Amino acid sequence: MNQITEDFEPQIVAFCCRYCAYAAADLAGSSRIQYPPNVKIVLLPCSGKVDELYLLKAFEAEADGVYVAGCLEGTCHFLTGNLRAKKRVQYVKSLLDEVGIGGERLEMYNLSSAEGQRFAEIAREMTERIRALGPSPLNQRKSKEGAIK
Amino acid sequence: MIIADRKPFEEIKELTSKAKNILIAGCDSCVAVCLASGEKEVAVLASELRMQRKMDGLEGEIEEIVNVRQCENEYVDAMRDKVEKADLILSMACGVGVQTLAERFPDKLAYPALNTKFMGRPVEPGVWKENCEGCGHCILHLTGGICPVARCSKSMLNGPCGGSQGGKCEVDPEIDCGWQLIYDRLSRLGQLDALVEIMLSKDWSTSWSGGPRRVIKESAGV
Ligand code: SF4
Ligand code: SF4
Numbered sequence: 001m002n003q004i005t006e007d008f009e010p011q012i013v014a015f016c017c018r019y020c021a022y023a024a025a026d027l028a029g030s031s032r033i034q035y036p037p038n039v040k041i042v043l044l045p046c047s048g049k050v051d052e053l054y055l056l057k058a059f060e061a062e063a064d065g066v067y068v069a070g071c072l073e074g075t076c077h078f079l080t081g082n083l084r085a086k087k088r089v090q091y092v093k094s095l096l097d098e099v100g101i102g103g104e105r106l107e108m109y110n111l112s113s114a115e116g117q118r119f120a121e122i123a124r125e126m127t128e129r130i131r132a133l134g135p136s137p138l139n140q141r142k143s144k145e146g147a148i149k
Numbered sequence: 001m002i003i004a005d006r007k008p009f010e011e012i013k014e015l016t017s018k019a020k021n022i023l024i025a026g027c028d029s030c031v032a033v034c035l036a037s038g039e040k041e042v043a044v045l046a047s048e049l050r051m052q053r054k055m056d057g058l059e060g061e062i063e064e065i066v067n068v069r070q071c072e073n074e075y076v077d078a079m080r081d082k083v084e085k086a087d088l089i090l091s092m093a094c095g096v097g098v099q100t101l102a103e104r105f106p107d108k109l110a111y112p113a114l115n116t117k118f119m120g121r122p123v124e125p126g127v128w129k130e131n132c133e134g135c136g137h138c139i140l141h142l143t144g145g146i147c148p149v150a151r152c153s154k155s156m157l158n159g160p161c162g163g164s165q166g167g168k169c170e171v172d173p174e175i176d177c178g179w180q181l182i183y184d185r186l187s188r189l190g191q192l193d194a195l196v197e198i199m200l201s202k203d204w205s206t207s208w209s210g211g212p213r214r215v216i217k218e219s220a221g222v
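From first to last, the protein sequence lines are chains A and B. At position 131 of the first sequence (counting the first as 1) the number is 131 in full-length UniProt numbering, and the numbers step up by one without a gap. At position 3 of the second sequence (counting the first as 1) the number is 3 in full-length UniProt numbering, and the numbers step up by one without a gap.
Excised from the complex, chain A in its bound form (with noise of 0.2 Å):
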């Protein structure tokens, strides 16, 4: 268990709203900012289009992390979408920890699109986070039944 653990790499999930973190992104590329490659980018319109689905199937497709990330609160291009978005996310926590994934797999955060940097601390802090944190319970099954082959 213990080498499994210090060979994990996460895999993790970032939804991101295209007028800031998506953006942000691209920003923390152009400078040449490096970021873990555990983090894949999901765009999305706006983080308001996340859905509680979206981020439930992409744990069922054995993501260990999963973050929204959407524009700081009161500069949302569509006002509410990531008030929205904060709401689900709290919800699917809740929906994590009943079915025993946990909640603290699953993050919402707040960025502008200036801010490249914040960006890559954000992949760093989840990556770290869930790093610590192990396998999601759901690959742990399968993490063990490879070990023991």
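Restricting the straight-line Cα-Cα distance to at most 27 Å, the calculated cross-link-like pairs of lysine-lysine (DSSO-like) are:
1) K93(A) with K40(B)
2) K7(B) with K57(A)
3) K85(B) with K7(B)
4) K87(A) with K13(B)
5) K7(B) with K86(A)
6) K13(B) with K93(A)
7) K20(B) with K7(B)
8) K57(A) with K20(B)
Don't read these hints as lab results, they were simulated from the structure. Keep in mind that this is a model prediction, so the values were computed, not measured.
Since the structure of chain A is already known, use the hints to place chain B with the ligands on it.
Relative to the frame of chain A, chain B with the ligands by itself:
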């Protein structure tokens, strides 16, 4: 409409623990309006169950189906193909829907995933309130269109009681005093004199106290 709420996941997990293939059956009418059922709610529960069961090492498939109304034979009968493959139908309809499934598929288990609460309506996004208890003899014309049976915590016919304070009910400060609402509405309509009449005790035999009820409409029969 009928307002319901999903059972806690722990309970659903327990209810489904012995089943292998599960069909989650949603209803797209009343309980979809109160966001307890419908396509998305069925998909969310299916996703939760798939993950939980995988973690617990349980085998089997989780299928999903949603029909217009789970309380009508015609819609329910159309589910037959999917029902045949399932050991358990987990109904996301009100208690009426669950019982329809149990009756139409007598050899299958049909369990409720929702707790059926009351007859009411949405009052603001995400909030539903109770309006009617189906007492079987409506008196809304006497009470300014506000039901004393359902909206007075004590179902008083000649309220308010002494616990009405600042428009709120003594049972819970979150509850508006039904009789304050009746008074305000009648006063607005200039009908306060209606309150001088003492309402005699209600004949509750038309309510559930008379046992399970039925409605018959001869002209609709065949
Ligand atoms: S089963 Fe019938 S009564 Fe129950 S929620 Fe669905 S439509 Fe309404
Ligand atoms: S008086 Fe009876 S039928 Fe009328 S709203 Fe109240 S409970 Fe319902």
